[in-house]
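Trainee: Which chain is which? The protein sequence lines are A and B, in order. My numbering puts the last residue of the first sequence at 256; the count rises by one with no breaks. My numbering puts the last residue of the second sequence at 256; the count rises by one with no breaks.
Please note: incorrect hints may appear among the correct ones.
A pair holds if it fits inside one copy or across any two, identical chains being indistinguishable in the list.
Stated by the list, open to error - As a list, the in silico DSSO-like pairs of lysine-lysine whose alpha-carbon atoms are at most 30 Å apart:
{"no.": "1", "residue 1": "Lys-48", "residue 2": "Lys-105"}
{"no.": "2", "residue 1": "Lys-161", "residue 2": "Lys-185"}
{"no.": "3", "residue 1": "Lys-105", "residue 2": "Lys-161"}
{"no.": "4", "residue 1": "Lys-67", "residue 2": "Lys-48"}
{"no.": "5", "residue 1": "Lys-48", "residue 2": "Lys-111"}
{"no.": "6", "residue 1": "Lys-67", "residue 2": "Lys-185"}
{"no.": "7", "residue 1": "Lys-252", "residue 2": "Lys-48"}
{"no.": "8", "residue 1": "Lys-111", "residue 2": "Lys-185"}
{"no.": "9", "residue 1": "Lys-161", "residue 2": "Lys-67"}
{"no.": "10", "residue 1": "Lys-105", "residue 2": "Lys-185"}
Rather than coming from a laboratory, the hints here were simulated on the basis of the structure.
What follows is the residue order along each chain.
There are 2 protein chains.
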Amino acid sequence: MTVYERGKLNRVRVGTRAAYDQEAIFKILDAGLVAHVGFSDHDRPVVIPMIYGRIGEQVYLHGAKAARFAKVLGPGVPICMTVTLLDGIVAGRSAFHSSMNYRSAVLHGRAALVTDVGERKAALEAITNHLMPGRWAEARPMTEKELNATAVLAFTIEEASAKTRSGPPNDDGEDYQLPIWGGVVPITTVFGAPEDDGVLAPGADLPESILKIIST
Amino acid sequence: MTVYERGKLNRVRVGTRAAYDQEAIFKILDAGLVAHVGFSDHDRPVVIPMIYGRIGEQVYLHGAKAARFAKVLGPGVPICMTVTLLDGIVAGRSAFHSSMNYRSAVLHGRAALVTDVGERKAALEAITNHLMPGRWAEARPMTEKELNATAVLAFTIEEASAKTRSGPPNDDGEDYQLPIWGGVVPITTVFGAPEDDGVLAPGADLPESILKIIST
Numbered sequence: 041m042t043v044y045e046r047g048k049l050n051r052v053r054v055g056t057r058a059a060y061d062q063e064a065i066f067k068i069l070d071a072g073l074v075a076h077v078g079f080s081d082h083d084r085p086v087v088i089p090m091i092y093g094r095i096g097e098q099v100y101l102h103g104a105k106a107a108r109f110a111k112v113l114g115p116g117v118p119i120c121m122t123v124t125l126l127d128g129i130v131a132g133r134s135a136f137h138s139s140m141n142y143r144s145a146v147l148h149g150r151a152a153l154v155t156d157v158g159e160r161k162a163a164l165e166a167i168t169n170h171l172m173p174g175r176w177a178e179a180r181p182m183t184e185k186e187l188n189a190t191a192v193l194a195f196t197i198e199e200a201s202a203k204t205r206s207g208p209p210n211d212d213g214e215d216y217q218l219p220i221w222g223g224v225v226p227i228t229t230v231f232g233a234p235e236d237d238g239v240l241a242p243g244a245d246l247p248e249s250i251l252k253i254i255s256t
Numbered sequence: 041m042t043v044y045e046r047g048k049l050n051r052v053r054v055g056t057r058a059a060y061d062q063e064a065i066f067k068i069l070d071a072g073l074v075a076h077v078g079f080s081d082h083d084r085p086v087v088i089p090m091i092y093g094r095i096g097e098q099v100y101l102h103g104a105k106a107a108r109f110a111k112v113l114g115p116g117v118p119i120c121m122t123v124t125l126l127d128g129i130v131a132g133r134s135a136f137h138s139s140m141n142y143r144s145a146v147l148h149g150r151a152a153l154v155t156d157v158g159e160r161k162a163a164l165e166a167i168t169n170h171l172m173p174g175r176w177a178e179a180r181p182m183t184e185k186e187l188n189a190t191a192v193l194a195f196t197i198e199e200a201s202a203k204t205r206s207g208p209p210n211d212d213g214e215d216y217q218l219p220i221w222g223g224v225v226p227i228t229t230v231f232g233a234p235e236d237d238g239v240l241a242p243g244a245d246l247p248e249s250i251l252k253i254i255s256t
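Looking at chain A on its own, in the form it has when it is part of the complex:
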């Protein structure tokens, strides 16, 4: 099992709820839908929500070739990619001990535009299937024109860490005597009933990919 070394970027300073092993980090990545990707533009930090996919240790991002990220992110440009899953609001008896329950993975790495057509297709398949398991095979195949209009970015992880908070508030000893409620409000992401767009062709039944999503 790969464990990332604690470097100057990924070392979690506060709290003891850190993990540095790939298994913990990829578990959060695989459970998330959207990453917040940070990079530098005009010497300023920029954070953009993006979907992503993973093949083994390789993470992929994509976007229109006209998008900023495709223009700014030349080979070797450093980026940071963070995936956060919210699990609950933690109501402590004091504001100081109020918090959130969450799982987050922070990945530090470098970007490279993928030029190889085979790798580009595999990456787009991984991104599509990450959002909707098996959708790539169900969908109309990607055309050459679409492939050419899409920038695919390979993200190579250099340092990474995961951070988790779970469970009830950690209130101060004496505060437990106060008549103040303490506990957690759980947060879940719920997929609703699929809404077709009203112009389905004959035979366009609800596919496996969507059935899989709503059964989770």
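Chain B: place on chain A using the hints.
Mentor: Structure of chain B alone, referenced to chain A:
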């Protein structure tokens, strides 16, 4: 109504679903729970999930004084703060036209540690109440020691934009003839039944703040 000028940082390049007015941007901010905050550390971009609060045009962040952000973010250091709300998975008949429905606000600005005690308290109240409406008044008052251990950051917005996608997929004309399902799987964030920590003192009833959260 304040409308942010389209600058080199906030101009949305792709798609026409952009807004630059404060009302649209603050609406997304107020509906979100967690922001992804980007800044530079050792010349590398870092993206960290953080809770936040807002008082008028002023956005506040906070954290332990020992946390990286409190050490790295000196006066005038540029930061970017992004709040994303996921509304649905958009299943196009092609992978190319598959997407997500979302609302996101991207704020570019500069950080300053708040030193004034009154402003620090007001900021922490805003952050606490953003997560749990009215919780600040219910909770045990913050002590001097807790206040001193907490770094409060004022975020001054310089440029900002909002981006939204909603509705069904925009498939290619001829693809509507294919026997492939097209539509949206709605995503909602659901607050579950509050779980107290099992050590409530007498009289520690479920408070207004929590009742408000679970009624949304």
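Trainee: Within a copy, between copies, both or neither: which one fits Lys-48 and Lys-105 at a CA-CA cutoff of 30 Å?
Mentor: For Lys-48 and Lys-105, only the inter-copy Cα distance (18 Å) is at most 30 Å; the intra-copy one is 33 Å.
Trainee: With identical chains treated as interchangeable, where does the CA-CA distance between Lys-67 and Lys-48 reach 30 Å or less: within a copy, between copies, both, or neither?
Mentor: Cα proximity of Lys-67 and Lys-48: one copy only (23 Å, versus 36 Å across).
Trainee: Could you figure out if Lys-48 and Lys-111 sit no more than 30 Å apart (CA to CA) within one copy, between two copies, both or neither?
Mentor: Answer is both; intra-copy 28 Å and inter-copy 13 Å each pass.
Trainee: Regarding Lys-161 and Lys-185, is the shortest C-alpha distance of 30 Å or less found within a copy, between copies, in both, or in neither?
Mentor: within (13 Å within a copy, 56 Å between copies)
Trainee: 30 Å Cα cut-off: does Lys-111 pair with Lys-185 within a copy, between copies, both or neither?
Mentor: within (19 Å within a copy, 48 Å between copies)
Trainee: Taking 30 Å as the upper bound on the Cα-Cα distance, should Lys-67 and Lys-185 be classified as within, between, both, or neither?
Mentor: neither (34 Å within a copy, 38 Å between copies)
Trainee: At most 30 Å between alpha carbons: which applies to Lys-161 and Lys-67, within, between, both or neither?
Mentor: This pair counts as within: shortest intra-copy Cα distance 24 Å, inter-copy 38 Å.
Trainee: Within a copy, between copies, both or neither: where do Lys-105 and Lys-161 come within 30 Å Cα-Cα?
Mentor: within (15 Å within a copy, 46 Å between copies)
Trainee: At most 30 Å between CA atoms: does that hold for Lys-105 and Lys-185 within a copy, between copies, both, or neither?
Mentor: Within one copy only: 12 Å inside a chain, 51 Å across chains, cut-off 30 Å.
Trainee: As a check of your reading, is Lys-252 near Lys-48 (CA-CA no more than 30 Å) within one copy, between copies, both or neither?
Mentor: Neither: 40 Å inside a chain and 41 Å across chains, both beyond 30 Å.
When each numbered hint is compared with the structure, violations occur for hints 6 and 7.
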